[in-house]
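Q: The lines below spell out each chain.
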Amino acid sequence: MMLPAFNPVAGVLLIPIAAAALLALLPGYRLTARLNVFASLLTFLSAGALLLLPRPAPGAYVLVDDLNIVFIVLNSFVGLTTSIFSASYIAHELDTGRLTPAYLRFYHAMYQIMMFGMNLAFMSNNIGLMWVAVELATLTTVLMVGIYRTEAALEAAWKYFILGSVGIAFALFGTILVYMAARPVVGEGQDAMIWTLLIQKAQNFDPALLNVAFVFLFLGYGTKVGLAPLHAWLPDAHAEGPTPISAVLSGLLLNVALYALLRFKMLMAANPEAIAPGTLMVIMGLASLLFAAFMLYRRRDIKRLFAYSSIEHMGIIVFAFGMGGPLANFAGLLHMVMHSLTKSAIFYAVGNISQIKGTQSIAKIRGLTETHPALGWGLVIGVVAIAGLPPLGIFMSEFLLVSSTFARQPWLALILVFGLLVAFGALTLRLTGVAFGEPRGSRAPAEASYVPMFAHLTLVLIAGVYLPAPVVVWFQHVAKLLG
Amino acid sequence: MHSLSFDISHSLAGGLVLISFMMLYQDRLYSLLNVFALHALTLALSVAWQAYIQNAPHLYVTAAIALVFKAIIIPVALHRIIKQLGIHRDIETAVGIGPTMLAGMGLVALSLALMLRVTAEADALAREDLAFALSVVLLGLLVMVTRRNAVSQVVGFMALENGLVLAATGAKGMPLVVEISVAFSILIAFIVIGIFLFRIRERFDSVDVGALDDSRGERR
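Chains P and R, in that order, give the protein sequences.
Okay, so the first sequence: first residue is 2 according to this note's numbering, each after it adds one.
Okay, so the second sequence: first residue is 5 according to this note's numbering, each after it adds one.
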């Protein structure tokens, strides 16, 4: 008897759903935390299998192509490492009584549903389904941001919910407009929402309608990317929720919205008469970079500091994709991957630190390299990486972006470099106190696994020193697809 | 000349815009809820009419959801919450009615000017439907930003969502409309009523979002 062939697409989508159902039913956090890790591992392995096995033909709902496979693998990898980090983090939260076992069950189930939502958003070939999946992923994070039920957490969740809903509403309106633009060309019904069909026929769409659609999509999904001035939800949501959620918010959920934008940007680019979407992205990207860079100076809460840094980096990435062209797109892709890895590593460190010190206030966290060497130096490496210093991966991508921009638009490059330097200054200023100041607060040893943090940092370092040739070829190919 | 079916759907969509305007100047929560129920009822009629003229029976489901869920269940539930919290006498617009109405007119003018221009080649029904739908969306957004109270922000969000349903049903043959309206209903039911209001009341004895504002930012 033959076993049914293993289907990695089904694996990536169904494992999280099955795990969510199971985790909602099972009691006991030790078991469920391990199960959470195990399910994330299986999802990651399925995603890895997507790379090796022949891909399914694009269907009405599911699509696997060279672009989204990068996102899926990254997503499930960070999902896996975060689940490992989460296991030790959550045990501590139970001990201190910030979470109860009932909430924990809810938390783990939501974690897997969120992974499902994000993977579905990446894989969906139907722009309506993609919208539903992004909404699902957002809602689960709203619930998790509010899980501590403190005033601040509820306010953060409420703000996130309201702004996220407005964003999601605009994105839906944009999606409807794309359908309206496609209907006369592709035909009525299902077909006019299938992305692979849309991209083939996009040159015949009504350009005016497509322009308006893109503006709505950009505002809608841009809210979720956290672009200034639509970013108001982001720092609160990062600061008040559990730290594993801050890590996936910064490392993954922002990428989901970015991915949706990229898909629609490709659609716009396929229509010669539509406005070039790049200009809008360049402006918003630079605005976010500059705004966040200056805001970094005034932060007193360590999680908020890195939340603003995420806005800054999303600005850089959106700018890179807005510039377009093989080199800038390559830099954008690389930067996105590096930012996801680095930022989640930083949040792992910050989560452990704030648990030990019992505070998120930067003023009260001092001299970490002395009291907690592994944690402190991990944070130092992470911040050095995120500030864009060599030899780490983000330096590579920022260098590529700056040099390619100088060749094409020197003035824009000047603004870009200025923003990068301002942010660099703020981060070093904060880091010196936190890492090297006079030790303050609890010196209790951390009971946490540093494996996820150092795994991410090692990858970032390797990418900065030597990017393997197959990865380069792959990214170059994807950069070309993005146009 | 236009046909009768065009005139009916046109006037229903126009009615929605008008009722959105009525929401802008309600300063009591109960009356805001009543106007919202009327809004949802008009949406249900409009969607049912679209289902009839497009010969798309699945849209009747969306119409039924609008009627039962949004025009009856949600207003009744919110009524109860308001009563329990004792906030029914609150007058809670953050911005004066005059400026709000002017802003509303500006938004409607903007959406008509925008949508009618870009959809010049689409058929007349879809065109005007879309223009009206965008007006309803923007007016719902205006309700959300001019109110401080969590209940009325939710009402604003539902009005906004009604505009989206109007747009989706007006786009002939669009798939997933029913699913999207179901998803929205679940969203509203679970998140808003169940969890947030319950928790916000429990923690603050108030649903005035203004009371939450002191926790914004860098307190610790």
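Treat the hints as calculated values from the structure; they're not laboratory data.
Please note that a few of the clues may not be correct.
[Unchecked claim] Subject to a maximum C-alpha distance of 16 Å in a straight line, what follows is the list of computed EDC-like cross-link-like pairs (lysine to aspartate or glutamate):
1. 202/P <-> 192/P
2. 176/R <-> 67/P
3. 481/P <-> 189/P
4. 176/R <-> 189/P
5. 202/P <-> 189/P
[Said to hold, decoys possible] Label-pair distances were calculated between CB atoms; the ranges are:
6. 11/P <-> 187/R: 29 to 39 Å
7. 98/P <-> 84/R: 51 to 61 Å
8. 38/R <-> 359/P: 28 to 38 Å
9. 88/R <-> 378/P: 30 to 40 Å
10. 92/P <-> 77/R: 36 to 46 Å
11. 113/R <-> 192/P: 51 to 61 Å
12. 68/R <-> 301/P: 46 to 56 Å
13. 437/P <-> 193/R: 28 to 38 Å
14. 186/R <-> 192/P: 17 to 27 Å
Virtual Cβ for every residue (Gly too), placed ideally from N, Cα, C.
Q: How does the Cβ-Cβ distance of residue 88/R and residue 378/P compare with 30 to 40 Å: does it lie in that range?
A: Between residue 88/R and residue 378/P, where Cβ atoms are some 54 Å apart, the hint is violated.
Q: That 51 to 61 Å hint for residue 113/R and residue 192/P (C-beta), does it hold up?
A: At 35 Å between Cβs, range violated.
Q: Should the hint that residue 186/R and residue 192/P are 17 to 27 Å apart at their CB atoms be regarded as holding?
A: holds, 22 Å
Q: Quick one: are residue 11/P and residue 187/R within 29 to 39 Å, going by C-beta?
A: Since the Cβ atoms of residue 11/P and residue 187/R sit about 23 Å apart, the hinted range of 29 to 39 Å is violated.
Q: Given a hint of 51 to 61 Å, does the C-beta separation of residue 98/P and residue 84/R actually sit inside it?
A: Roughly 33 Å apart at Cβ, these two residues miss the hinted range, so it is violated.
Q: How does the Cβ-Cβ distance of residue 38/R and residue 359/P compare with 28 to 38 Å: does it lie in that range?
A: Taking Cβ atoms as reference, residue 38/R and residue 359/P lie about 49 Å apart, which means the hint is violated.
Q: Does 46 to 56 Å hold as the CB distance between residue 68/R and residue 301/P, or does it fail?
A: holds, 52 Å
Q: Residue 481/P and residue 189/P: Cα distance at most 16 Å?
A: Not OK: residue 481/P and residue 189/P at ~31 Å, beyond 16 Å, violated.
Q: Holds or violated: residue 202/P and residue 189/P, Cα atoms, limit 16 Å.
A: holds, 14 Å
Q: Do residue 92/P and residue 77/R keep their Cβ atoms within the hinted range of 36 to 46 Å?
A: Since the Cβ atoms of residue 92/P and residue 77/R sit about 41 Å apart, the hinted range of 36 to 46 Å holds.
Q: Below or equal to 16 Å on CA atoms is what counts here, so check residue 202/P against residue 192/P.
A: holds, 11 Å
Q: Are the Cα positions of residue 176/R and residue 189/P separated by 16 Å at most?
A: holds, 7 Å
Hint check: violations occur at hints 2, 3, 6, 7, 8, 9, 11 and 13; the rest are consistent with the structure.
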